[in-house]
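Residue numbers (the working numbering), protein chains in the order written: chain A, 1 to 560; chain B, 1 to 132.
Check the hints yourself; a few may be wrong.
Stated by the list, open to error - Derived DEER-like restraints, expressed as beta-carbon distance ranges: (1) A:T254 with B:Q74: 45 to 55 Å; (2) A:R435 with B:P115: 46 to 56 Å; (3) A:E181 with B:I112: 34 to 44 Å; (4) A:G20 with B:D94: 46 to 56 Å; (5) A:G386 with B:Q74: 49 to 59 Å; (6) A:Q408 with B:A126: 49 to 59 Å; (7) A:D11 with B:Q74: 30 to 40 Å; (8) B:A126 with A:G521: 18 to 28 Å.
For the record, the hints were derived by calculation from the structure and aren't laboratory data. No residue lacks a Cβ here, since even glycine has one placed at the ideal position from N, Cα and C.
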Amino acid sequence: MKQPVILTDSDDPSIRDAAGFLDSWDVVVRRDRELAAAVEEVADVRVIITTTDNPNALRDIVDRARARSLAVIVGCASDMARRRAIELRVDEWFLVPATGEEIAGRVRSALSRVAPAAAALADRVERFEYEQMLYDHLTGLPTLPVMIERSRALIKERGEMIVLYFNFVRYSKIEEIYGWEKLDAVLETTAQAVREFLDASVLRSSRVMVSFTNDDDFVFFHVPAPNVAAVTDAEITDLVPKLQEFVGGRIETTHGEEIASLFEIYVGRAHVYYNPKIRLQRLIYRGIREAANAAKGIEQRERGRRVDDLKRSLRERAVYVDLHPILLAESRQVYGYEALARGTLRTLRSPEIMFDVAAEADLLWELGRLCRSRAIEAMKTRLTRGEFLFLNVDPHDFADPQFSQLDQEVPDPSRVVIEITERTAIKDYPKFRERLSALRERGYRFAVDDAGSGYAGLGSIANLEPDFIKLDISLINCIDTNFIKQNLVETMVRFANDQGAKVIAEGVERAEEYETVKQLGVHMVQGFFLHRPSENAVARTGEHAASRPSDTIAHVGGKT
Amino acid sequence: MPEASLPTVLVVDDNHDNADIMRQYLEAKGYPVSAAYSGEEALSLFESVRPSIVLLDIMMPGRDGWEVCRLMKQHPSHGRGVRVIMVTALDQWDDKRQALQTGADDYVTKPIDLPRLVRVVERNAAALQGAA
Chain A
1 MKQPVILTDS DDPSIRDAAG FLDSWDVVVR RDRELAAAVE EVADVRVIIT TTDNPNALRD
61 IVDRARARSL AVIVGCASDM ARRRAIELRV DEWFLVPATG EEIAGRVRSA LSRVAPAAAA
121 LADRVERFEY EQMLYDHLTG LPTLPVMIER SRALIKERGE MIVLYFNFVR YSKIEEIYGW
181 EKLDAVLETT AQAVREFLDA SVLRSSRVMV SFTNDDDFVF FHVPAPNVAA VTDAEITDLV
241 PKLQEFVGGR IETTHGEEIA SLFEIYVGRA HVYYNPKIRL QRLIYRGIRE AANAAKGIEQ
301 RERGRRVDDL KRSLRERAVY VDLHPILLAE SRQVYGYEAL ARGTLRTLRS PEIMFDVAAE
361 ADLLWELGRL CRSRAIEAMK TRLTRGEFLF LNVDPHDFAD PQFSQLDQEV PDPSRVVIEI
421 TERTAIKDYP KFRERLSALR ERGYRFAVDD AGSGYAGLGS IANLEPDFIK LDISLINCID
481 TNFIKQNLVE TMVRFANDQG AKVIAEGVER AEEYETVKQL GVHMVQGFFL HRPSENAVAR
541 TGEHAASRPS DTIAHVGGKT
Chain B
1 MPEASLPTVL VVDDNHDNAD IMRQYLEAKG YPVSAAYSGE EALSLFESVR PSIVLLDIMM
61 PGRDGWEVCR LMKQHPSHGR GVRVIMVTAL DQWDDKRQAL QTGADDYVTK PIDLPRLVRV
121 VERNAAALQG AA
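Chain A extracted, bound-state conformation (with noise of 0.2 Å):
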């Protein structure tokens, strides 16, 4: 059969390399005016790629490919040429110069926007979706029925497969936390992570996939290749591990320690054997299932332990207080810090998955008083010079009826600023209002914390009158380039500013991003941009550098 042509003005190489790619497509040349009349005469043409700048002779070209079905691409040597080839809608364009590969890329799309006209409109907006959902656009990585086609024939083969499904416990938490822009680089960064990893290790010379199930899951299929021993149980349980160390420890340098320490893995597992007499697809469903259940189960037993060590924590009141300072943004000075409970004991040390523990256990009232024992302990110790104490009390503690012996503690309760999650949902709002009155009247100040992070808007905040707002970390990631987070933080500024509420933005991690908030009217701020060890702020007020975990370890002295 004869090749399709690509007819067009240019000598470029690249064009040629560009056939090759198309799998030998022949290259006719055709000089300038020439190109036009070619058109028509030269046999088997498919695509035009034109370099021409004159408009005219586009427009002849384009005029006449139409009539014939043809594709045109114009090679672009200006801003201009562009700008033209887009007006003339031509089907597709490249500036010049451009690879061999990219031109190739460029002439099968054109190919597929040229034969069908109008009816196809929607059938390429439903391709185009389609080819979405059959590559996970953040790790492109296959999704379970691009797997399910692929595996067929491998496992017919071999007569057997390995089902490993990852379970990523607590993506959502991050999602919660900052935002879904963060959690779609954690989770960049972890399908990469784990393509390295399974790279070097023993699954490495066996034919495997992974996909995504659910934004959180991998699903890996492992089918030995042929005269190669299929994976053991025991070299898959030692894989786990080290997977967990290598996925962990690539997520703490990419994306800070805060984040790498809400993060687990558990691993479940599951043999698929081939029948003939059950169909292939529902076999496999059953080998995920069956592997999903598997990695349940562990980490149903690890909550166990979890609880145990808790349950030891609070015993041994195992739980040390980190100083994070909240500055005033105009002049950098101190003006108080936020008191963040950690667990000693490295399975409780963020303070998301103790809370969490402690819900499961029925704890939180015990854990609640621990943390804010500590937290005042700290106020006492190191906020000698009348700084703010940041305390975040969940609205389930104020029931407690051991709450009212703060007061006992609390050296001077107008250095106590109360934060209250806008999370958490309040059922008995009058009650807690009263509450809140309460506390108010013995001299607290109160901060909602996470403002703004549901669409619940300014009214919910309103009626806390609090005297801080805490900006949701999301609101502040990138919105140096985000002109809907500065106006939304804006508001929120014009709002407290109404109300006679200071703005805290939390989580300032760039310089950008400090300007951007400062500039907006933000009252004061807090995050890694402001307190990292080698920054001025924290050179400036030389000892609150005590800040760090490492010292406050050794102050509470507590067993690990």
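Keeping the supplied structure of chain A fixed, place chain B upon it in accordance with the hints.
Positioned in the frame of chain A, the structure of chain B alone reads:
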């Protein structure tokens, strides 16, 4: 030549008049502009025109602005380089929150104030340059 560096804009509005007014005004300011009159057409032009900035009406029949924005931002090859500006009659807190959730970068409110529209396009063009 300053004009040469202006980014390509795609204007999407099911109301032809709106789309054409925005298009003409931006063209007069030197931007290369394409217009689409439905979500489907917008996605198709998004692939062929590869705009750097998209002005996207939210309320359109068929695929609405939210969905189009999400699909554009997820596009494997040019989803990252594009800035999406939502054009909306809504100016409520939760609309903006939802716009953030779908990945939008900015918004302008209807009825369109053309000089303001240009300022919004300009600041997004500047943000693109900053990222490059």
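Results for each hint:
no. : hint                           : verdict
1   : A:T254 with B:Q74: 45 to 55 Å  : 22 Å, violated
2   : A:R435 with B:P115: 46 to 56 Å : 51 Å, holds
3   : A:E181 with B:I112: 34 to 44 Å : 28 Å, violated
4   : A:G20 with B:D94: 46 to 56 Å   : 54 Å, holds
5   : A:G386 with B:Q74: 49 to 59 Å  : 51 Å, holds
6   : A:Q408 with B:A126: 49 to 59 Å : 57 Å, holds
7   : A:D11 with B:Q74: 30 to 40 Å   : 39 Å, holds
8   : B:A126 with A:G521: 18 to 28 Å : 21 Å, holds
Checked against the numbered hints given earlier, the structure breaks hints 1 and 3 and satisfies all the rest.
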